[in-house]
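The primary structure of each chain is shown beneath.
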Amino acid sequence: MKVGIVTFPGSNREVDASLAAQAVGAEVVTLWHKDHDLQGADVIILPGGFSYGDYLRAGAIARFSPIMQEVVEHAKRGGPVLGICNGFQILCEAHLLPGALLRNASLRFASQWVTLRVENADTLFTSAYEAGQLIRVPVAHGDGRFTADADTITALEEAGQVVFRYVDRQGNPLPAANPNGSLNDIAGIVNDRGNVLGLMPHPEDAVDPLLGSTDGLGLFESLLSRVAA
Amino acid sequence: MTRFRVAVHIVPRKGVLDPQGKAVSDALHALGFSAVHETRVGRHLVLDLDAADRSAAESSVRGMCDKLLANPVTEDYEIAGVTTP
Amino acid sequence: MTRFRVAVHIVPRKGVLDPQGKAVSDALHALGFSAVHETRVGRHLVLDLDAADRSAAESSVRGMCDKLLANPVTEDYEIAGVTTP
Amino acid sequence: MSAVPRPGDPVITPALVAEHGLTYEEYEKLVAMLGRTPTFTELGVVSALWSEHCSYKHSRPLLKTLPTKGKHVLQGPGENAGVIAVGDGLAVAFKIESHNHPSAVEPYQGAATGVGGILRDVFTMGARPIALLNSLRFGGLEHPRTRWLVAGVVKGIGDYGNCMGVPTVAGEVVFDDAYAGNPLVNAMCVGVMREEELMRAVASGIGNPIIAVGARTGRDGIHGASFASEDLSHESDAKRPRVQVGDPFTEKLLLEASLELIRSGHIVAIQDMGAAGLTSSSAEMAARGDVGVEIDVTKMPLREEGMTPYEILLSESQERMLVVAKKGREEQVRAILARWDLTAEVIGEVIAEPVYRVKEGDRVVAEFPGSRLVTDCPVYSPEARESDAIRAERERDVEAILPRAEEADAMWTLEQLLSSPTIASKTWVVRQYDSTVRASTIVGPGPADAAVVMLRGTRRALALKTDCNGRYVHLDPRTGGRIAVAEAARNVACAGGRPMAITNCLNFGNPRRPEVFFQFREAVAGMGEACEALGTPVTGGNVSFYNESPAGAVYPTPTIGMVGLLEDVSQATTAVFRTPGDAILLLGENTDELGASEYLRWVHGVVGGRPPACDVAAERRLVDTLLEAIADATIASAHDCSDGGLAVAIAECCVMDEDAPFGATVDLSPWAGLTLRALLFGEAQGRIVVSSPDPAAVLGIAARHGVPATRIGTVGEPNGSLVMQVGSNRFQASVSRLAAAYHGAIPAMMSRVATATDEEEASGIRHQASGVGV
Ligand SMILES: Nc1ncnc2c1ncn2[C@@H]1O[C@H](COP(=O)(O)OP(=O)(O)O)[C@@H](O)[C@H]1O
Ligand SMILES: [Mg+2]
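Protein chains in written order, with my numbering: chain A, 352 to 580; chain B, 1037 to 1121; chain C, 1037 to 1121; chain D, 2 to 775.
Only chain A is shown next, with the shape it has when bound in the complex:
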């Protein structure tokens, strides 16, 4: 599996993403935002960071970068695209995923460990997990409050497109377990076709016991097992 990690000038978790992909044995190539070439990558990762400073709206400017034209094409062909944190924000701005990510309800940046419940283990990105499994991963974002109109939320829930949900350590959705006030405690969603996933938490920072958790590995293993090429 060849993973292409898009690097915008303000990306800052591209190293984390590439270490995680390498940890499961994937080949990694870095894709510069000014280029138009995906270098034959099977999977595209849009990593965390502040793509172009994100002063206007997180991800708003990144979606117009040259490489994004290629990423959109890749997604339309059914190619896997994973957007983490800022990557999720960019995917929403680029309309590859519905909804938007707004300022955290607390109005403060949220850097903390959270528990996620895997709501759908039948996706390209989650097959190594079991449905209902609880995983520990960090979040680190100021704009993570997932919002969409009521119809969209209902549709996402009914189609099983809500992939990860913030829960407490016992697995219960609780306001106190939700770091940003996202609707329905949504932490990550997949598109209707199942090939584009966006999530706010950082599974790529939970791939080594030294970092406090290896629960994030499953996501990369899932991709590897399905995309092995």
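Some hints here could point you the wrong way.
No more than 27 Å apart at the CA atoms, straight line, and that leaves these computed lysine-lysine pairs for BS3-like [stated by the list, open to error]: (1) A:K353 / A:K427; (2) C:K1050 / D:K300; (3) B:K1058 / D:K427; (4) C:K1103 / D:K156; (5) D:K70 / D:K30; (6) D:K58 / D:K70; (7) B:K1103 / A:K385; (8) D:K328 / D:K300; (9) D:K58 / D:K30; (10) D:K360 / D:K327; (11) B:K1058 / C:K1103; (12) D:K360 / D:K300; (13) D:K360 / D:K30; (14) D:K30 / D:K65; (15) A:K427 / A:K385; (16) A:K427 / B:K1103; (17) D:K427 / D:K156; (18) B:K1058 / D:K58; (19) B:K1050 / B:K1103; (20) D:K360 / D:K328; (21) D:K156 / C:K1050; (22) C:K1103 / C:K1050; (23) A:K353 / A:K385.
Derived from the structure by calculation, the hints contain no laboratory data.
Given the coordinates of chain A, work out where chains B, C and D with the ligands should sit on it, guided by the hints.
Frame of chain A, contents of chains B, C and D with the ligands only:
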């Protein structure tokens, strides 16, 4: 071509939670401004640009809002004024 | 007492670096809106409050700006309008 | 050539000279150096370079007494940052700096640009920043204005570091009314490079171009350097437009571009345009290289119209660098910057003639003889005399302060202390800092005494912490200086790191006041003694004088930034109990010292008594013992006793990890002969609480080092109780009650409204309002 100054308001859509507005109201109440009923917080952009005339300036800025400046999922915008600086 | 709606613009002071405005200008240029000369980004607040009359509403909001809403080091504010909603 | 006044320049009058912060003698010195009256531009340049902030004129002689050598020291004081070798060919650059005055006026931007500046100091050495720390001092949280400062400073630090993708991993926050009128905001950055990538800011090579890189120059922060060298007073208000605004995105581009430039071999030197901007960066690089420079200000990329040479030279616009490139490589330099959407303008060159010359087109607007501009700077050794009032505070008989009735239950007192904002959990703060980015944070801010950050590609890791107890330094500066270093070393060792070197940020009042200079002299001496004993040389730092408000000087606060090394990441250790049944041991000895404690301050409102003694040789043995025990025996947790003493340290081991609180049973009867409150809440130095499944091994190692060690108890059940037995006294509390006090205190205070103006105007400074983060 003339230089125009276009002011735009970008505000959270009705029904979208506005924690900033709520924080401002709460703080104002705590400071004793109890007459305040509700507060909404949005962005105020002022763009200086060259255009053939007022309406060209305005429609050009509408294009920018549609494309970049506002997110239609959560925000509404309105052109608040066009002046010649 | 009447309910008034007061709009306030809070904008970066002249001469103070406005990274947000710069980012927007740069992005607009990259998108081909090359006629844009400069952009400044500020905040747009809309407050609903009860006051005896327009001028009381306005002066009350000025007090809020001085005390809480605007940062005098880096920002200027202006009352953009007082209406009855 | 000689500089001539520009049309429109103000006439040089004694009033204008005074406004520039120069004394009559300093002005005479300047005239003698030039052999004529300076131009307005020259006056501006000298006022900046001879300001305290740039020149260290009151501190240099004493700083020279500090130990700075060690075989692992690659770069000591004098550069943008210090550098030490950490093995495997890797080097670590690190430095701490203050941004106190800007943060007092505009907390968000002041703190943010403080982080920006310290990052630039580190990456201009060639190192990639891997960690940020911050050391903060505020007044009491019950003041709305303190909450406004806290909210702004914390958000400013967070937003800048988070955007840069550098994790903020450790620090400290202290609340005491001594800082009400003048908060302290010290930021530290740590970076890593290969030894051969080390870059120094030394201009060389006649004819080499001098290039301005990064953001355009505006009128921001003109006179920031001399501003930082004045007391905060009513007049500070009028100086507000000087505050700079940070742009972390541009800084991120600058970081990547600078590292690429340094590795490219196209440049010979690079320096941040920080305090006093273009003036100090160009003059310092020239002086270090003993060469001349010539600059044309009309070449400088500007953001605003009509800027004068004076303004261009003194602007403190952020996110700018000055580069000396190799002649003929201008295009390559431009190409690297263009990749990062940054511009580069050649604004001057290195010249053979030993002068510092600034031109505006063809006109010379400032010209000084060579490096004398830097080297002729005046040096002062002011009078030092201890304040009688402070001596009286120290000599106060604190035993005579009677316990309050509620103190009959020591758990009541413990709960009070756990909810003192200085001791309470700082989760509200550190959640705003991205601490996990870069996937290298083994131990972040939270339930540990120091952060641990891995050195990728090796088995090694760094342990990092800042520390200082200003109350101790206030009451006894020599002892306080020692303790600041000893505590930082203990904290680093508790995380498993061998203390290697320090950087320091010396926050003091006005050095021309004898009682302040006395504190400075003594604290520096104490710091030096501890550094000698602990084998941790000083590789750099920063002096911030004039931390005063109309209410008086802050506590003298020499913040220590300590870097420690773990040979093996697996030795990373945290502070909290992990396993029921583990033995709890105390390394070090309990004493009867109650003076200067947080207990006296928080429970009795008394700042007084003698700070605990600090035996630096014993501290060294303690550190050695702990590190050997961590390496050879099984240490489950280690936490030193600091604010709040032994009872607080034990309680923290129980409750610091909000997700996994444990009970504990301890028996302190061997010390039943001591005053109970001194035993429980006194702050005797040199003590560490450890837990271990193998107490015999730990006791054996301690015995070999001659360090007192005692088994004092056993770790209890999850969510159990803390039970403390002292002779016939038995105290008990559920950990949920203690945890609520510890974790609830700061969030409860910070949920109250924050404004820039306190109703009571206690500090006497008129500060106006600001936003609530909207
Ligand atoms: N301003 C801050 N920034 C980052 N981390 C902080 C800050 N303040 C405290 N911390 C972290 O909180 C924990 C407790 O700090 P502190 O109370 O200073 O410990 P100690 O008493 O051992 O010196 C440590 O992990 C420390 O690094
Ligand atoms: Mg400690």
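To see whether the hints hold, each was checked on the structure:
Simply put, K353 of chain A and K427 of chain A have alpha-carbon atoms about 18 Å apart, close enough for the 27 Å limit, and the pair holds. Note on K1050 of chain C and K300 of chain D: the hinted pairing holds, with a Cα-Cα distance of about 23 Å set against a maximum of 27 Å. Between K1058 of chain B and K427 of chain D, the direct Cα distance comes to roughly 25 Å. Compliance with the 27 Å bound is thereby established for this hinted pair. Note on K1103 of chain C and K156 of chain D: the hinted pairing holds, with a Cα-Cα distance of about 20 Å set against a maximum of 27 Å.
A C-alpha spacing of about 34 Å is found between K70 of chain D and K30 of chain D, which places the hinted pair above 27 Å, so the restraint is violated. Pair hint K58 of chain D plus K70 of chain D holds up; C-alpha atoms about 23 Å apart against a cutoff of 27 Å. Distance restraint check for K1103 of chain B and K385 of chain A: the Cα-Cα separation of roughly 20 Å lies within the 27 Å cut-off, and the hinted pair is therefore satisfied. In summary, the hint linking K328 of chain D to K300 of chain D is supported, as the alpha carbons are separated by about 18 Å, within the 27 Å threshold.
Pair hint K58 of chain D plus K30 of chain D holds up; C-alpha atoms about 14 Å apart against a cutoff of 27 Å. At most 27 Å may separate the alpha-carbon atoms for a hinted pair to count; K360 of chain D and K327 of chain D meet this at roughly 22 Å. Between K1058 of chain B and K1103 of chain C, the direct Cα distance comes to roughly 17 Å. Compliance with the 27 Å bound is thereby established for this hinted pair. Among the hinted pairs, K360 of chain D with K300 of chain D is consistent with the structure: their alpha-carbon atoms are about 10 Å apart, no more than 27 Å.
With a CA separation close to 23 Å, the supplied pair K360 of chain D and K30 of chain D stays within the 27 Å bound. With a C-alpha separation of about 24 Å, the suggested pairing of K30 of chain D with K65 of chain D holds against the 27 Å cut-off. Between K427 of chain A and K385 of chain A the CA atoms are separated by roughly 21 Å; this keeps the pair inside 27 Å, and the hint holds. Distance hint between K427 of chain A and K1103 of chain B is fulfilled; the C-alpha atoms sit about 21 Å from each other, no more than 27 Å.
The straight-line distance between the Cα atoms of K427 of chain D and K156 of chain D is roughly 14 Å, inside the 27 Å bound, and the hint therefore holds. Of the supplied pair hints, the one linking K1058 of chain B and K58 of chain D is violated, its CA atoms being roughly 50 Å apart against a limit of 27 Å. The suggested pairing of K1050 of chain B with K1103 of chain B holds, with an alpha-carbon distance near 21 Å, which does not exceed 27 Å. About 21 Å separates the Cα atoms of K360 of chain D and K328 of chain D, which keeps this hinted pair within 27 Å; it holds.
Between K156 of chain D and K1050 of chain C, the direct Cα distance comes to roughly 24 Å. Compliance with the 27 Å bound is thereby established for this hinted pair. The straight-line distance between the Cα atoms of K1103 of chain C and K1050 of chain C is roughly 21 Å, inside the 27 Å bound, and the hint therefore holds. For a cut-off of 27 Å, the pair hint linking K353 of chain A to K385 of chain A stands: about 20 Å separates their Cα positions.
Hints 5, 18, counting from the list given before, are not met by this structure.
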